[in-house]
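Protein chains: 2
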Amino acid sequence: MVFFHQNQWNNQQNENYSGGSKFISAKAGKLFNFMNYNFSDKVKDMRPSAIREIFKSLTDPSVIAFAAGNPSELSFPVEKMKNIAEEIFLNRSTEALQYSITEGYPSLRKQITSRLKERFSIGIENDSVIVTTGGQQGIDLTAKVLCNEGDTIICENPSFIGALNAFRSYNTRLAGVDMEDDGINITMLENALKTHKNVKMIYVIPTFHNPSGITTSLEKRKAILELAKKYDVVILEDNPYGELRFSGEEIPTIKSLDTDGRVVYCSSFSKILSAGMRVGFLCGPNSIIQKVVVAKQVNDVHTNIFFQMLVSSFIDIYGLDEHISSIRGLYRKKSSLMLSRMDEKFDKKIKYTRPEGGLFLWVTVPGCDADEIAKTALGYKVAVVPGSTFSPEQGKKSSSFRLNYSYPSDRQITDGIDRLAPIINNI
Amino acid sequence: MVFFHQNQWNNQQNENYSGGSKFISAKAGKLFNFMNYNFSDKVKDMRPSAIREIFKSLTDPSVIAFAAGNPSELSFPVEKMKNIAEEIFLNRSTEALQYSITEGYPSLRKQITSRLKERFSIGIENDSVIVTTGGQQGIDLTAKVLCNEGDTIICENPSFIGALNAFRSYNTRLAGVDMEDDGINITMLENALKTHKNVKMIYVIPTFHNPSGITTSLEKRKAILELAKKYDVVILEDNPYGELRFSGEEIPTIKSLDTDGRVVYCSSFSKILSAGMRVGFLCGPNSIIQKVVVAKQVNDVHTNIFFQMLVSSFIDIYGLDEHISSIRGLYRKKSSLMLSRMDEKFDKKIKYTRPEGGLFLWVTVPGCDADEIAKTALGYKVAVVPGSTFSPEQGKKSSSFRLNYSYPSDRQITDGIDRLAPIINNI
Numbered sequence: 003m004v005f006f007h008q009n010q011w012n013n014q015q016n017e018n019y020s021g022g023s024k025f026i027s028a029k030a031g032k033l034f035n036f037m038n039y040n041f042s043d044k045v046k047d048m049r050p051s052a053i054r055e056i057f058k059s060l061t062d063p064s065v066i067a068f069a070a071g072n073p074s075e076l077s078f079p080v081e082k083m084k085n086i087a088e089e090i091f092l093n094r095s096t097e098a099l100q101y102s103i104t105e106g107y108p109s110l111r112k113q114i115t116s117r118l119k120e121r122f123s124i125g126i127e128n129d130s131v132i133v134t135t136g137g138q139q140g141i142d143l144t145a146k147v148l149c150n151e152g153d154t155i156i157c158e159n160p161s162f163i164g165a166l167n168a169f170r171s172y173n174t175r176l177a178g179v180d181m182e183d184d185g186i187n188i189t190m191l192e193n194a195l196k197t198h199k200n201v202k203m204i205y206v207i208p209t210f211h212n213p214s215g216i217t218t219s220l221e222k223r224k225a226i227l228e229l230a231k232k233y234d235v236v237i238l239e240d241n242p243y244g245e246l247r248f249s250g251e252e253i254p255t256i257k258s259l260d261t262d263g264r265v266v267y268c269s270s271f272s273k274i275l276s277a278g279m280r281v282g283f284l285c286g287p288n289s290i291i292q293k294v295v296v297a298k299q300v301n302d303v304h305t306n307i308f309f310q311m312l313v314s315s316f317i318d319i320y321g322l323d324e325h326i327s328s329i330r331g332l333y334r335k336k337s338s339l340m341l342s343r344m345d346e347k348f349d350k351k352i353k354y355t356r357p358e359g360g361l362f363l364w365v366t367v368p369g370c371d372a373d374e375i376a377k378t379a380l381g382y383k384v385a386v387v388p389g390s391t392f393s394p395e396q397g398k399k400s401s402s403f404r405l406n407y408s409y410p411s412d413r414q415i416t417d418g419i420d421r422l423a424p425i426i427n428n429i
Numbered sequence: 003m004v005f006f007h008q009n010q011w012n013n014q015q016n017e018n019y020s021g022g023s024k025f026i027s028a029k030a031g032k033l034f035n036f037m038n039y040n041f042s043d044k045v046k047d048m049r050p051s052a053i054r055e056i057f058k059s060l061t062d063p064s065v066i067a068f069a070a071g072n073p074s075e076l077s078f079p080v081e082k083m084k085n086i087a088e089e090i091f092l093n094r095s096t097e098a099l100q101y102s103i104t105e106g107y108p109s110l111r112k113q114i115t116s117r118l119k120e121r122f123s124i125g126i127e128n129d130s131v132i133v134t135t136g137g138q139q140g141i142d143l144t145a146k147v148l149c150n151e152g153d154t155i156i157c158e159n160p161s162f163i164g165a166l167n168a169f170r171s172y173n174t175r176l177a178g179v180d181m182e183d184d185g186i187n188i189t190m191l192e193n194a195l196k197t198h199k200n201v202k203m204i205y206v207i208p209t210f211h212n213p214s215g216i217t218t219s220l221e222k223r224k225a226i227l228e229l230a231k232k233y234d235v236v237i238l239e240d241n242p243y244g245e246l247r248f249s250g251e252e253i254p255t256i257k258s259l260d261t262d263g264r265v266v267y268c269s270s271f272s273k274i275l276s277a278g279m280r281v282g283f284l285c286g287p288n289s290i291i292q293k294v295v296v297a298k299q300v301n302d303v304h305t306n307i308f309f310q311m312l313v314s315s316f317i318d319i320y321g322l323d324e325h326i327s328s329i330r331g332l333y334r335k336k337s338s339l340m341l342s343r344m345d346e347k348f349d350k351k352i353k354y355t356r357p358e359g360g361l362f363l364w365v366t367v368p369g370c371d372a373d374e375i376a377k378t379a380l381g382y383k384v385a386v387v388p389g390s391t392f393s394p395e396q397g398k399k400s401s402s403f404r405l406n407y408s409y410p411s412d413r414q415i416t417d418g419i420d421r422l423a424p425i426i427n428n429i
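Each protein sequence line maps, in turn, to chains A and B. When you line the first sequence up against my numbering, it's residues 3 to 429, in that order. When you line the second sequence up against my numbering, it's residues 3 to 429, in that order.
Everything labelled a hint here was simulated from the structure, so no lab data went into it. A couple of the hints might just be wrong.
When chains are identical, the list treats them as one kind, so a pair holds in a single copy or across two.
Said to hold, decoys possible - List time: in silico DSS-like cross-link candidates among lysine-lysine, alpha-carbon distance up to 25 Å:
| id | residue 1 | residue 2 |
| --- | --- | --- |
| 1 | LYS398 | LYS377 |
| 2 | LYS84 | LYS224 |
| 3 | LYS112 | LYS335 |
| 4 | LYS232 | LYS347 |
| 5 | LYS231 | LYS335 |
| 6 | LYS335 | LYS232 |
| 7 | LYS84 | LYS383 |
| 8 | LYS231 | LYS46 |
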């Protein structure tokens, strides 16, 4: 994930006083006459990330970026994409540059539908697919069409900050349920379903969870689905990393177990082709997807059609399997490198997950405040994301932090772990 | 309530019983157990457009498409875009395919800021620019950050359906104020500001208005701004067509008259470079834009970065003026062709606007229901959009309809008017 910069306001105020610009000085007398803005209840308390210093550091090349959520640049099939882009400009430029339909490029929707069925056994009667502007838009609009302000969404604790903030932006309540080594705590999940009012949705990332790297067991997947049925709520299954398994056994998605149209499945091409192009998708019950279409129509009309066509041609010409296999190999290597260095350098008291895929692992330093660890690490030019960031309950301390191994180079992985080790070993 | 397309449902039942697919037949017993979906109050009454038959007809090549809002495909600078795309893949592929920042590609933001200042005298202290996924996202997120459910947004009547539906999707109330030949009725505007509760925003398209083609006079622009000040509300000025003046004198934007940070200005590159790429922007008070950044972060993280870079390079290498000038010439010709044919063929009782730019003109057949006209016209293979579609008050009849001249070919323009004339002359 990419976060934003927020010192602009101060900089701009200073600029005004410096009088350096004629344009500004001509209006300087009006400087304090600006109207007061009343923001909606939905967003008035939303602020750019409290840990923006950490994310800002990602643009500093001297900082080792374990804080990113970026795929490796080696995962972008540049040559192939370039050739397809050229072909589209040559033969299909009108279609690629003109307005298109909200549901998504028809060929791509078909390809997604087929792949979901073949690869993940996903797709039952009345399911349909919509192409979204990244997985993020799928999460945002699913919450928009299902939740009123004040409704409750149950989330794993910790969970993906982008989803939590999307839910907050509709003024929903978040109920966090703690994660265990094999997924969400099922007793606590049932308790949350029992005690919270107007629970509309359970949001889970069962495979290579962000931030923890944990994969939810099949038993727990079944239990989550059973509880969703029992308490009649929808499950939003977010699976952006599902293609990136580099060890262990495939586990069925929750969506593949869905028999009553209860699961909306969200994913994207961000981690397998390009994150910057913003092409994701939802697969869910047609009546939910139809509402998402209406919401997307007024949100951005449709997703960049050129890149929808590009992805579709990529799948047509090359398929996805070979390319995904190379990314798996890359991340297997990078995660092994990071873990073996951690095994070597970290004190025994320090616990960490050993993910079977995805981009992240999760380090716990018992009894410590990871906000402090992150601050100290940044002083040593290593950026990590403290666990508090991922808490559905805002401001809650955590003794864990997230490490990303997809983005840093091999050299940065070993150097970064070497710099982290003394900080956390000696706390 | 569960609703299915009856045919689909039947087909699927047959498939199930045919046992053709193991996957489906295994679940046949559960066929009638689909859950009931409770949609949010925001979207539960939102439906795909009631005139979707008309829009569906746009894909039928035998229908003359006066109903579109599409730019001419001749307005896409394909060769230049192709060359830039190639250069980006060659030299800057990592940046173009990786995650980027929410505010937008920094060079493009600077270029937009400069052009707004030079071309439209837009930009005061504390204004800033965010790149959005089309102008549509700018409209959607401005409403999201400013309006609670039940708040009122004042709109021109008629107005752009995409904006009206975006506002509806946040459960706001719409108060329509009638348009006159020189813009919104100012007395009625003040009355609306006085009588409606919690008015947060006035939404206007002062230049080459969609759907009417009307340009609001300078006097009325000033009056709208004064009333916004008096009643302390924000103005959202939507100006997607502002670059497309082909006759008459330039009139200052409302935003250029803004001295107290009251106006959010929305536009895009959809009508001057490519609609399908979805690159638009907002310029407004920094504190509003910062909230939009937060809302965009959770909506789609950022706009397709490849095309942001492409637009930026286009401006760098070629500038916009020459290309825009050619589009103006094209639409001058097309609008003249349509108007002169209408002058020749339409009965004197029929009134229509003579726009000085943009994509649309507005035809009024006094005493008639334009829904009926549109239906009849479709029978003669001409698609027009009836005025009822553009009403802030849903279901309100209108004696007017919208014609688009940018998308149809010259031949289609004359043929289409020839087919329309007998229908509306003889009512």
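Q) Which numbered hints are broken by the structure, listed smallest first? A) 2, 3, 4, 5, 6, 7
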